[in-house]
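Undergrad: Here's the letter readout for the chains.
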Amino acid sequence: MDNRCVLISHARCLIVKIVGEVDLSWSADIRKLILDAVGKSPISVVDLSEVGYIDSSGIAALVEGLQTAKSQQKKFALLAASQPVCAVLELARLDKVFNLIDDLESLA
Amino acid sequence: MSSRALVRLTIPAKAEALKRLRDDMQRALSSLKLVPQVRANLVLALHEAAANVIRHAYPTAGEGRLRLKVWHERGFLRFMLRDDAAPVDSGKIKPRDLSECRPGGLGVNFIDDTMDSWRIRPSSKKKGNVLIMRKRLRCGHG
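Chains F and P, in that order, are what the protein sequence lines are.
Terminal number for the first sequence in our numbering: 108, no gaps in between.
Terminal number for the second sequence in our numbering: 1142, no gaps in between.
Worth double-checking, as some hints may not be accurate.
[Unchecked claim] Computed list of lysine to aspartate or glutamate pairs in EDC-like fashion (alpha-carbon distance at most 16 Å, straight line): (1) P:Lys1135 with P:Asp1113; (2) P:Lys1092 with P:Asp1112; (3) F:Lys96 with P:Glu1100; (4) P:Lys1019 with F:Asp2; (5) P:Lys1014 with P:Asp1084; (6) P:Lys1135 with P:Asp1112.
These are computed hints drawn from the structure, not numbers from a lab.
Here chain P stands alone, though its shape is the one from the complex:
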């Protein structure tokens, strides 16, 4: 069992910062024996989670920041994404019906398909949200 952080990252809440998040995730996950497509999906899920905060939680582009922590504990990869935005209505954040072909709204589906579980809650501080996601590491880390 290890709870040492694989990634600790703070980025500004702007789209241009997403590449850095992806690159750091890619680098950190490369140290684990993950199936390449699982790794790619995890990077995509984290990217989508951060992109959703940038697009929807912060009303003014680039005004806030995002803090990401990734760690490995008790057979799970755990991801925590914090923001300082106004609390979101977690009941409204859910995957959509993919049989409808329409632009937009896919990010939550990517997260839901990739992770074993996820939940979003208000931060215990005065403002902000915390998204917790986890992915079980299987034998061979597939």
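The shape of chain F in the complex, shown without the other chains:
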């Protein structure tokens, strides 16, 4: 599976769709796209359904997105996080910190 990260415009939010294995080799690109989405939209969602692996640098990009959104009174959610992503979020004790949603209809 090739690694890629794209910004998708949705009626209610901007979605950062990540595919592949997130690690130090390209997490800076992901961070940039997440912060870009947070800057442009009141609601940002990171779709993690097709992420097979994530390391601490990828988690850091998600945390930075969340903190930036909070500081601007914006909403930030993680969509359909895959099992490997959920496991790392739990290991980092961040599974209760993020707004984890199963689908876009769940956006409050």
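Using the hints, position chain P against chain F.
TA: Just chain P now, kept in the frame of chain F:
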């Protein structure tokens, strides 16, 4: 008891090489009857250890190399990661308080949570560091 190496790997100290380390670890650990999440955590811990060396120990990206050896001995999986970087201050390498929600600094926590013990020391050679980690294999290798 067996001390045959499950993995012997040398990679350049650059982020693009981390996938190879993960793939080799995954393949080697698949031969053991590990609970899948334990295996995944071990791969993550090794990845984080190598990523920390790449990010922090080598000042110029891709300038050095990393050598990994994994073996099974006396009920433990043992991991040795060597680099040729300047000696690090081992006292500064410790897990952080996870109640603080901030980006970065999680790698050591992942290692600390996963392994039964770990320590880093300067290499006996003129330069470099050696990280030793071990994980007890439980009945059924969970």
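Undergrad: Run through the hints listed earlier and report the numbers of any the structure violates, in increasing order.
TA: none
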